[in-house]
Amino acid sequence: MCALTSVAPRTLTSGTMKDISAPQRRVLAYNRVAENKRRARTLVAAFALISLPAAAFLAIYLTFFFAVLVGVTLGVFTVGSALGGDAWQAWAVVIVGLAVLLSLLTPVLILWRATYLVLRLSGARALTDDEQPELRRTVENLCIGSGLPQPSLYVIDAGAANAFSTGLSPESSSLVLTTGLLELLERRELEGVVAQELVQIGNYDTRVSTVLAAGTAFLRLPFTVVVTVFRFLFRVHWAVGGFALLYLGLPMAISIPLGFAAGFALLDEEPAQGAVLLITMSIPVYALVVAPLLAEVIRAGVSRQQQFLADADSVLLARSAEPLATALLKMDAGGMTGLGAARSTAHLWTVDPLADKPWWEGFWPDCHPPLEDRVEMLARMGGGIPASALEGAASAGQTFRANQKAGPFAAGTSPSPAGGTSSDRATVPSAYRLTAVETVVYVAPEAHGAELERLSAGSLVAVHETVGEYMHVITPHDRFGYIRKETPMVPAEPSEPTRGMREVRDSRE
Amino acid sequence: MGWIIVLVVVAVLVIIGFIMIGMYNGLVRGRNRVREAWSGIDVQLKRRASLVPNLVETVRGYAEHERETFEEVTRARSAVEQAGTVADAAQANNMLTGALRHLFAVAENYPQLQAAEGFRQLQTELADIEEKIAFSRQFYNTNVLDYNNRIQTVPTVFIANMFGFRAEEFFEAEEEARADVRVDFSRAADAD
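Going down the list, the sequences are from chains A and B. Numbering-wise (our numbering), the first sequence opens with residue 1 and increments by one. Numbering-wise (our numbering), the second sequence opens with residue 1 and increments by one.
With the rest of the complex left out, here is chain A (with noise of 0.2 Å):
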């Protein structure tokens, strides 16, 4: 992540900038079409022959299963006989082409699922037909400007500033808008994300990070399905995750340095053994570790570039550089909090969604070029740009930043109340604990009005909007109530109420 926060943006006029050369040319959208198809074909080919270890040991397990199952039907009992001794050519040319099978059924797998699988992985619901107009103008004026067809528009319910468009052709893309890009962009910054977005669809990019994606989830699947488990045992309980790590995780980190150092032992007295034991042994350590390594190897060569080809391709189509700029600067300060984006799908967003990486994340090259390099190479396209214009967009994101933290149902759900007074109660904050020792909910917005209940000091309520001198709020008890509007109060933490959504999304990888 860019460190603009703490740093104030530097002015980014023409005399103090690095040199970049690249985007300097006008380049046409087509131009890499033809590349890219190829780069897309290439990344299909990889991730089918990366997969075909493990596509190598399901089908032993299959051709297993079966021999077995013949061999009960037949009324064989004993697996040997199953196989029949002599037989054993028969069955390695069976398991050799069922791996060759399986292996060419990833690309298949790939192709045929990666736009699903991508929206499904964000999350994103598809927009209503009466759902913002504004959008739906935006997208299609830019796509008579670009001569692409409409892309289907999708909308992810999260506070956090982002977008990201998917598909293997520019005639069944989809493009994919956070709710709070929308909130928090302007119109012609909106058209600077919109745009920048089409040229990757127009220029088939999209196809590549789409299949880029599908092939990284698709080699995680292991681990992530691991990491999950164990990762949702220590949700229910800490002790819980514990004893399944000490009782299940540590006997299997042992057995395989184990089984590795008893095979190479075995492979002088029983080669034949001692090999399987090898075999078996590293086809886990491949699937968890080796192959999520080598997708990231794939993924770290080849994205980096398109961003940045992207935003210089974008300002052709939208016509001025600096919305886009400040756009891009808006929506890094914005920062990430509630979008859950699946590690596999980081490189597909206009900004890196990874906000808050673990340390040793930072090893790992981002998949995005920072972002001041960025803001930079648009700044000379348009000729430079002032530094208020861009401290001014990276304050708006803070600002917006803090307005989200401070509520928990803010995040996109509810719009601020409808409130004629400017107070701080009555925009985004909802959630509070009550102070005083006892506060009386009324029925309706009316003095001396029917009492509901009586709530005592540290009960939490969720303000939802202001009614004249009163607030609606929902109470511990689920009803729907009107207090005074100077009952005092204070904000509630917001972790509390969202937990339970928080780690729903935190757990999709």
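It should be emphasised that the hints constitute simulated quantities derived from the structure, not laboratory data. Heads up, a few of these hints could be off.
Residues from chain B that face chain A, not an exhaustive set, calculated with beta carbons under 7 Å [to be verified]: (1) E131; (2) K132; (3) F139; (4) N141.
Computed beta-carbon distance windows for the label pairs [to be verified]: (5) N161/B <-> E35/A: 27 to 37 Å; (6) R136/A <-> R67/B: 34 to 44 Å; (7) E172/B <-> P370/A: 39 to 49 Å; (8) G383/A <-> E172/B: 16 to 26 Å.
Some chain B residues well away from chain A (every beta-carbon gap over 10 Å; in silico) [claimed, not checked]: (9) W3; (10) H65; (11) F70; (12) S78; (13) E81; (14) G98; (15) N109; (16) P111; (17) Q112; (18) R120; (19) F135; (20) Q152.
The beta-carbon is built from N, C-alpha and C at its ideal position, and this holds for glycine as well.
Chain A is already provided as a structure; the job is to place chain B on it using the hints.
Relative to chain A, chain B alone:
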């Protein structure tokens, strides 16, 4: 020895032939792309022209004395509908843009008209179409630039001359609809 030379010459001729076919097809594709882009503009121009009578009727109901303005708009509209060439269409379109701007400026003097639902709808629709015209013009001009570059540069210029490919016209418009606007952040900062 002789037949090798013949074979080489034939091979070279065949290769040149294929390259020429490729260039010719590329030019045809480019020309078709320009035509398709033009039809994109044409659709929007027709849409705008078809809204004009409705608009004039609506405004006339509130401001019947502005006869000159109405005539100006109507003239520009029929010019758009009769335009034959790209240049004519561009000129007529600029005329209509100016006339409509004048009409909307006049409409500012009639608060009742400003409040009328139908008028407001027409106004937003026309603004939207104007933006669409700007974008389709951009797409058209990009394609024309690409096509013209190809038929005026070596080696495709020979093919172009041989088969009569001619340079296409740009759709010129007053460059103000898409002028860069300074984004104002003071509002965003004040909002909280």
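Okay, the hints, checked on the actual structure:
1. E131: holds, 6 Å
2. K132: holds, 6 Å
3. F139: holds, 5 Å
4. N141: violated, 10 Å
5. N161/B <-> E35/A: 27 to 37 Å: Roughly 31 Å apart at Cβ, these two residues keep to the hinted range, so it holds.
6. R136/A <-> R67/B: 34 to 44 Å: At 38 Å between Cβs, range holds.
7. E172/B <-> P370/A: 39 to 49 Å: holds, 40 Å
8. G383/A <-> E172/B: 16 to 26 Å: About 23 Å separates the Cβ atoms of G383/A and E172/B, which means 16 to 26 Å holds.
9. W3: Fine: 38 Å to the nearest Cβ keeps W3/B off the interface.
10. H65: Non-interface label stands for H65/B: nearest chain A Cβ at 35 Å, farther than 10 Å.
11. F70: holds, 29 Å
12. S78: holds, 25 Å
13. E81: holds, 21 Å
14. G98: Holds: least Cβ distance 22 Å, greater than 10 Å.
15. N109: Answer for N109/B: holds, closest chain A Cβ roughly 28 Å.
16. P111: holds, 26 Å
17. Q112: For Q112/B, whose nearest Cβ neighbour in chain A is about 27 Å away, the distance exceeds 10 Å, so it holds.
18. R120: Since the minimum Cβ distance to chain A is about 15 Å, R120/B lies beyond 10 Å and the statement holds.
19. F135: Since the minimum Cβ distance to chain A is about 4 Å, F135/B lies within 10 Å and the statement is violated.
20. Q152: holds, 16 Å
In summary, the structure is inconsistent with hints 4 and 19 from the numbered list given earlier, while agreeing with the others.
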